[in-house]
Amino acid sequence: EDANKRLAATWYSGTSYTIDLKMTGNAYHQLALYCIDWDTTSRAQTVQLIDGTTGKVLDTRQVANFHNGIYLVWKVSGHVVIKLTRTAGYNAVASGLFLD
110 EDANKRLAAT
120 WYSGTSYTID
130 LKMTGNAYHQ
140 LALYCIDWDT
150 TSRAQTVQLI
160 DGTTGKVLDT
170 RQVANFHNGI
180 YLVWKVSGHV
190 VIKLTRTAGY
200 NAVASGLFLD
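Sequential numbering of the sequence shown, starting at 110, is according to our numbering.
To be clear, the hints were calculated from the coordinates, so they are not data collected in a lab.
You may find that some hints are simply not true.
Claimed, not checked - Straight-line distance between alpha carbons at most 25 Å, and here's what the computed SDA-like set of lysine to any residue pairs gives:
| id | residue 1 | residue 2 |
| --- | --- | --- |
| 1 | K184 | Y199 |
| 2 | K114 | K131 |
| 3 | K184 | G123 |
| 4 | K184 | G164 |
| 5 | K184 | G198 |
| 6 | K192 | Y180 |
| 7 | K131 | T149 |
| 8 | K131 | G198 |
| 9 | K192 | R170 |
| 10 | K192 | G164 |
| 11 | K165 | N113 |
To be verified - Pairwise CB distance ranges (calculated):
| id | residue 1 | residue 2 | range |
| --- | --- | --- | --- |
| 12 | V166 | A197 | 16 to 22 Å |
| 13 | L206 | G134 | 31 to 37 Å |
| 14 | K114 | I179 | 21 to 27 Å |
| 15 | T150 | S122 | 15 to 21 Å |
In this text, a Cβ means the ideal position worked out from N, Cα and C, and glycines have one as well.
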């Protein structure tokens, strides 16, 4: 593996944003969201997992002190929305989304 070909990327917003996932079939999948505070230690955010059909909040997590990175993991099926909301620092951020 060539370390010179790696890329650091992020989705971000100064307020909040959503990631909308629509999976077909009834199978459950492991969903992982990777959050890392690359440039500070002061970011904090709320991450909500929402039923995309009903709008019901399925899970809420407070994320802070994630300068070394953190994975949030759920078992999901159907239509789900991840909402990230800045609660401290510059913005709300996520750097990876993994679905199995």
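Cross-check of the supplied hints:
Taken as a hint, the K184 and Y199 pair is broken in the structure, with Cα atoms around 30 Å apart against an allowance of 25 Å. Between the alpha carbons of K114 and K131 the distance comes to roughly 31 Å, so the proposed pair goes past 25 Å and is violated. Between K184 and G123 the CA atoms are separated by roughly 28 Å; this puts the pair beyond 25 Å, and the hint is violated. Between the alpha carbons of K184 and G164 the distance comes to roughly 17 Å, so the proposed pair stays at or under 25 Å and holds.
A C-alpha spacing of about 29 Å is found between K184 and G198, which places the hinted pair above 25 Å, so the restraint is violated. Taking the CA atoms of K192 and Y180, the gap is about 15 Å. The hint holds against a cut of 25 Å. Between K131 and T149 the CA atoms are separated by roughly 33 Å; this puts the pair beyond 25 Å, and the hint is violated. Our distance criterion of 25 Å between C-alpha atoms is broken by K131 and G198, whose separation comes to about 30 Å.
The suggested pairing of K192 with R170 holds, with an alpha-carbon distance near 11 Å, which does not exceed 25 Å. At roughly 11 Å between alpha-carbon atoms, K192 and G164 fall within 25 Å of each other, so this suggested pair holds. Pair hint K165 plus N113 does not hold up; C-alpha atoms about 43 Å apart against a cutoff of 25 Å. For the pair V166 and A197, the supplied restraint of 16 to 22 Å holds, since their beta-carbon distance comes to about 21 Å.
Take L206 and G134: their Cβ atoms lie about 19 Å apart, and the range 31 to 37 Å is violated. At about 25 Å, the CB distance of K114 to I179 agrees with the hint of 21 to 27 Å. About 20 Å separates the C-beta atoms of T150 and S122, a value consistent with the hinted range of 15 to 21 Å.
This entry does not satisfy hints 1, 2, 3, 5, 7, 8, 11 and 13, going by the numbered hints stated previously.
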